[in-house]
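K.L.:
What follows is each chain in one-letter form.
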Amino acid sequence: MFAPFLDALLLQAGYNAGLVTVGAALLGIAGGSGGTFLFLRKRSLVSDGMAHATLPGVGLAFMVMVALGGDGRSLPGLLLGSALSATLGLLAIEWIVSRTRLAEDAAIGAVLSVFFGFGIVLLTIIQTMSGGYQAGLEGFLLGSTAGMLFQDALLIAIGGGLIVGLVFVLRRPMTLVAFDTEFAAAAGIGVRRIDLAMMGLVMAVTVIGLKLVGLILVVAMLIIPPVTARLWTERTERVVLVGGAFGGVSGYVGAALSASAPNLPTGPIIVLVAFALFACSLLFAPGRGVLAAVIRHRRFQWQVHRRQGLLALAREEPILDPLTLSVLRKEGLIRQDAVVSEKGRAAAAKALLDERRWAIARQRSEDGSLDSHWDGLTPIESVLTHDEIAEIDRQIGPPAAVR
Amino acid sequence: MGAEFVQLSLTPLLIGIFAAIACALPGNFLLLRRQALIGDTISHVVLPGIVVAFLVTGTVSTWPMLVGAAAAAVVAVVLIEIIKRVGRIEPGAAMGVVFTSLFAAGVLLLEQSDTSGVHLDVEHALYGNLESLIWFTAEDWSSLTDPRALAGLPPELFRMVAVALGVSFLTVVFWRPLKLSTFDEGFAGAVGIPTTAIGLGLVITAAVAAVAAFDAVGSIIVIAMFICPPAAARLMTNRLERQVLWSVAFAVLSAALGYVLAGYGPLWLGGEHAVSAAGMIATVSGIILALACLFAPHRARVGAPKGT
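Line by line, the protein sequences give chains A and B. According to the numbering used here, the stretch in the first sequence is residues 1 to 403, in order. According to the numbering used here, the stretch in the second sequence is residues 1 to 308, in order.
Hints were generated in silico from the structure; no laboratory data involved. This structure is a prediction, so every number in the text was calculated from the model and none was measured. For glycine and all other residues, C-beta sits at the position ideal for the given N, C-alpha and C. Treat the hints loosely; a few may be bogus.
As the list claims (entries may be wrong) - The calculated label-pair distances, taken between Cβ atoms and stated as ranges, are:
1) Q12(A) <-> P155(B): 45 to 55 Å
2) I204(B) <-> V294(A): 27 to 37 Å
3) I287(B) <-> M129(A): 49 to 59 Å
4) I158(A) <-> A3(B): 55 to 65 Å
5) V67(B) <-> I158(A): 27 to 37 Å
6) L323(A) <-> V75(B): 32 to 42 Å
7) R299(A) <-> V75(B): 49 to 59 Å
8) V75(B) <-> M129(A): 32 to 42 Å
9) T128(A) <-> F136(B): 16 to 26 Å
10) L196(A) <-> W175(B): 40 to 50 Å
11) T59(B) <-> A276(A): 30 to 40 Å
12) L80(A) <-> G192(B): 24 to 34 Å
13) I82(B) <-> R299(A): 14 to 24 Å
Hey, can you work out the whole structure from these sequences and the hints?
P.N.:
Quick look at the structure:
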């Protein structure tokens, strides 16, 4: 299991498998970075509609090519057909949204199911067409790299490379449009044209990915890597880069894994690798990750208990909460028998002073501008200047010692 | 239109119609709540559900599969909520992450497990097998009153009728809270309606309808019937009561017309073989929606200029 996987990772598993792996990686980069713009515009699922809308195009292209006396299975022809019908699907979605009161999600769902249903009708016609063709068009549903022709693998690799190049060229205007449409328009960028380019890019990823990942799952390459990247960074241009990287890794590792053993279909494996990266990110990403949230929560809890414990000490109130006692003990503010330590006395006096200063400062600030800083934890020194604090202290009088 | 029709076409036609109604009813509310794509999500995640059910029980029997599929739908909804809340990701993208991953897991499980002996594959999950649900024991129309022939009806018919009736019943019983919480969630909450529970109940009802319909007719019809008839109905009227009735009418029309066109259309055109009924029903529902978009009385947004 491991040795063939390593071979495939190092592109040693045969010429075709190597090409497919490189193609999957390029497609992953293109999908991850191109999908980011779609994701930032909150239109991720438009790609799902487009992907399903490719099916009738594939069927019609096959029928046309057979009718013209050619081989219906020629991949470039099928991809051209799928691109045309995906464009038609996109136009249908935009038409429904702009001309009727139906929302975009309903338009996507309608186009997705109707085009797909019609595609299935065409597939059943093809199955019964004279000549008994084994068209193998079902391979487009879930992708099939088994028995892929050399030219097809080459087409995917070249196509993936072209899309990556296009994303690189268009990254600045697309970032602007995705991030702030109105500013982009004001800056003289043709928003409509960039939007179209974005959709063209999405369509290209979908079409190139058809043979590799299949039309049901190809949207995953446009959605999962950008979402994963979004967990790691708050900056648009980095989401594009990180999304591309996650996509590339998913494509590369997924294709290599699938080449290393039988019964590992390429498309699903690539999607699952992408999902594994996503799941790890959801757990461990700084900021938005689960672990980071837990740590943040514990730290906040600790600070609140410390502060309230100190105030209680200063006011000589009994402390009953076990967590507060444990926090104070661990910080050495009270001894094991709950008697205040020297350090605790000082800290308690400081906390009480801070509390009093805050009370007066909030009373005095008439516009309420201080309230936004007041959370019971922020030391007043970080909000007011020395002079302002000295002014407040004159009102309070000298600090009282904690007994 | 005699014996042959009763034997070959009557039961698939009825199953298609009841499946369409069962999906279109909750679809109305999902559409108005901007959750139209929940149906899409559910119909994708049904696959891993039935595969896991098959792996656990080792047989392709109905109840484990229904339970597995419903469980998968609930898992998907929970996962989407978690990703939305924890990762602060917008709902559409969260949905995209969840249903593609679960579907991929389902396909992988299917490829890895030995299902050669049973009828379980991705194509079946997508198209269903509406055409094969024939009534073996029927001879002609008189079989409708013959208990022995009736005993041979495909079980899918009873299941689908039961689900369609159940969904209709729930819609009627919970009409008021459903309507209120769909249009004005804040108000509904203020008058004491448990809006969260209603929302979850709606999704679960949709999942049950989807799973039952999926078993008989495949996932294409499920997605199409969740969205197209309610969307077309939405353009016909401003009243929810009428919208629901319109959507049922459109669903029945799509199912009947689609089935007939798939079965007999190619023969009329000189072909020899029927085409996929599931695909044709989805296509017809799309044509109805397209016509509604072009001509329906209430197609424009309120306040939008006329004639643009």
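K.L.:
Hint by hint, note whether the structure agrees.
P.N.:
Against the structure, the hints:
no. : hint                            : result
1   : Q12(A) <-> P155(B): 45 to 55 Å  : holds (53 Å)
2   : I204(B) <-> V294(A): 27 to 37 Å : holds (30 Å)
3   : I287(B) <-> M129(A): 49 to 59 Å : violated (24 Å)
4   : I158(A) <-> A3(B): 55 to 65 Å   : holds (59 Å)
5   : V67(B) <-> I158(A): 27 to 37 Å  : violated (47 Å)
6   : L323(A) <-> V75(B): 32 to 42 Å  : holds (35 Å)
7   : R299(A) <-> V75(B): 49 to 59 Å  : violated (32 Å)
8   : V75(B) <-> M129(A): 32 to 42 Å  : holds (41 Å)
9   : T128(A) <-> F136(B): 16 to 26 Å : holds (24 Å)
10  : L196(A) <-> W175(B): 40 to 50 Å : holds (44 Å)
11  : T59(B) <-> A276(A): 30 to 40 Å  : holds (31 Å)
12  : L80(A) <-> G192(B): 24 to 34 Å  : violated (59 Å)
13  : I82(B) <-> R299(A): 14 to 24 Å  : holds (23 Å)
Hint compliance for this structure: hints 3, 5, 7 and 12 are broken, all remaining hints hold.
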